[in-house]
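Visitor: Sequence:
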Amino acid sequence: MLTEELLHEALEYGKVFVQNGQTAQYIPELRHVNKYYLGICAMTLDGQIYEAGDTHIPFTIQSISKMVSLLLAIQDCGMEFLFHDKVGSEPTGDPFNSIVKLETKSRPFNPFINAGAITVASCIQGKDADEKFERFLTFTRRLCDNQDISLNQEVYESEKLTGDRNRALAYYLKASGILEGNVEECLDFYFKMCSVSATAYDIAHMSLILANHGIDPKSGEELIPQKYAKAVRALMLTCGMYDGSGEFAMTVGFPAKSGVGGGIAVPLVGRMGIGVFGPALDEKGNSAGGIKMLEYLSKKLNYSLF
Numbered sequence: 001m002l003t004e005e006l007l008h009e010a011l012e013y014g015k016v017f018v019q020n021g022q023t024a025q026y027i028p029e030l031r032h033v034n035k036y037y038l039g040i041c042a043m044t045l046d047g048q049i050y051e052a053g054d055t056h057i058p059f060t061i062q063s064i065s066k067m068v069s070l071l072l073a074i075q076d077c078g079m080e081f082l083f084h085d086k087v088g089s090e091p092t093g094d095p096f097n098s099i100v101k102l103e104t105k106s107r108p109f110n111p112f113i114n115a116g117a118i119t120v121a122s123c124i125q126g127k128d129a130d131e132k133f134e135r136f137l138t139f140t141r142r143l144c145d146n147q148d149i150s151l152n153q154e155v156y157e158s159e160k161l162t163g164d165r166n167r168a169l170a171y172y173l174k175a176s177g178i179l180e181g182n183v184e185e186c187l188d189f190y191f192k193m194c195s196v197s198a199t200a201y202d203i204a205h206m207s208l209i210l211a212n213h214g215i216d217p218k219s220g221e222e223l224i225p226q227k228y229a230k231a232v233r234a235l236m237l238t239c240g241m242y243d244g245s246g247e248f249a250m251t252v253g254f255p256a257k258s259g260v261g262g263g264i265a266v267p268l269v270g271r272m273g274i275g276v277f278g279p280a281l282d283e284k285g286n287s288a289g290g291i292k293m294l295e296y297l298s299k300k301l302n303y304s305l306f
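Numbers 1 to 306, taken from my numbering, label the letters of the sequence shown in order.
Hints may be right or wrong, so weigh each one.
[Unchecked claim] Quick list of in silico lysine-lysine cross-link-like pairs, BS3-like style, CA-CA up to 27 Å:
| id | residue 1 | residue 2 |
| --- | --- | --- |
| 1 | Lys15 | Lys230 |
| 2 | Lys300 | Lys230 |
| 3 | Lys230 | Lys35 |
| 4 | Lys35 | Lys15 |
| 5 | Lys284 | Lys300 |
| 6 | Lys160 | Lys230 |
| 7 | Lys174 | Lys160 |
| 8 | Lys35 | Lys218 |
| 9 | Lys299 | Lys127 |
| 10 | Lys174 | Lys127 |
| 11 | Lys284 | Lys160 |
The set of hints was computed from the structure by calculation and includes no laboratory data.
Start from the sequences, fold in the hints, and give me the full structure.
Guide: Quick look at the structure:
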């Protein structure tokens, strides 16, 4: 049974592994984040909220944003077009920012690697990057139930200044006929969506919506059509933890989506949503302490899908 005491036990267990990680070094603004931050929040479908550690420290959601943009793109383009013409739904086994597979297969393997997420971002409707971002921000605020969620301007500018690998991916995708529209506008939107700040508490609420088949349990409002929520959870399980997704499925067994800001979103269907924050990353780009907290909970609660 989930309790706050159990979350605190998981927190103490996770802290042991934080020292082995480091913050994202390739984004200058993220280098300076305190790597010893660690927190976990769980929200159950019946309204219970459990927290331990640094659950109200803002961090940039980075690749967690890819779930939100994917949902918007599905809404705008439809699943059949998106997954037939633009991106696949298979794991790659390669780092999240790899360009290797594009040289043999122009369509990105899945929407959670950078090439796939940039492609998905190009499919979202809007007259320019600003309009796309406003749609993204509005939807993120609804999913997190927090109207104060906003852009971290410093991180956005840092990513835009140093994001040459993402530019290479985007221009390759444009040359291959995969990316829609203007490359620089697409990249500007992509950098902005990755630079939105939220907390582990906010991410727990986003995860709760996915765990409840797209419905906000408090209001009863459907924010995500059920079939879309199911598709995103499936991709989270197979592709959500970069090239560490297979190992995570074995050791934890939860659908999850991580970001190099240290966040992890975890929807446990019919049970709860979990949000994690721990900016010390392992070699795969996932929260070192965050993974261990989830591993601890999986074993104690026996919630693994397998």
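Visitor: For every hint, state whether the structure bears it out.
Guide: Against the structure, the hints:
1. At roughly 32 Å between alpha-carbon atoms, Lys15 and Lys230 are farther apart than 27 Å, so this suggested pair is violated.
2. This hinted pair checks out: Lys300 and Lys230 have alpha carbons roughly 26 Å apart, not beyond 27 Å.
3. Simply put, Lys230 and Lys35 have alpha-carbon atoms about 33 Å apart, too far for the 27 Å limit, and the pair is violated.
4. At roughly 11 Å between alpha-carbon atoms, Lys35 and Lys15 fall within 27 Å of each other, so this suggested pair holds.
5. A threshold of 27 Å between alpha carbons decides the hint, and for Lys284 with Lys300 the separation of about 25 Å falls inside it, so the pair holds.
6. At most 27 Å may separate the alpha-carbon atoms for a hinted pair to count; Lys160 and Lys230 exceed this at roughly 32 Å.
7. For the hint linking Lys174 to Lys160, the alpha-carbon distance of about 18 Å falls within 27 Å, and the restraint holds.
8. Restraint check for Lys35 and Lys218: the C-alpha separation of about 34 Å exceeds 27 Å, so the hint is violated.
9. Using a Cα cut-off of 27 Å, the hinted pair Lys299 and Lys127 is violated, with the two alpha carbons roughly 48 Å apart.
10. Of the pairs offered as hints, the one joining Lys174 and Lys127 holds, with about 18 Å between alpha carbons and a cut-off of 27 Å not exceeded.
11. Note on Lys284 and Lys160: the hinted pairing holds, with a Cα-Cα distance of about 22 Å set against a maximum of 27 Å.
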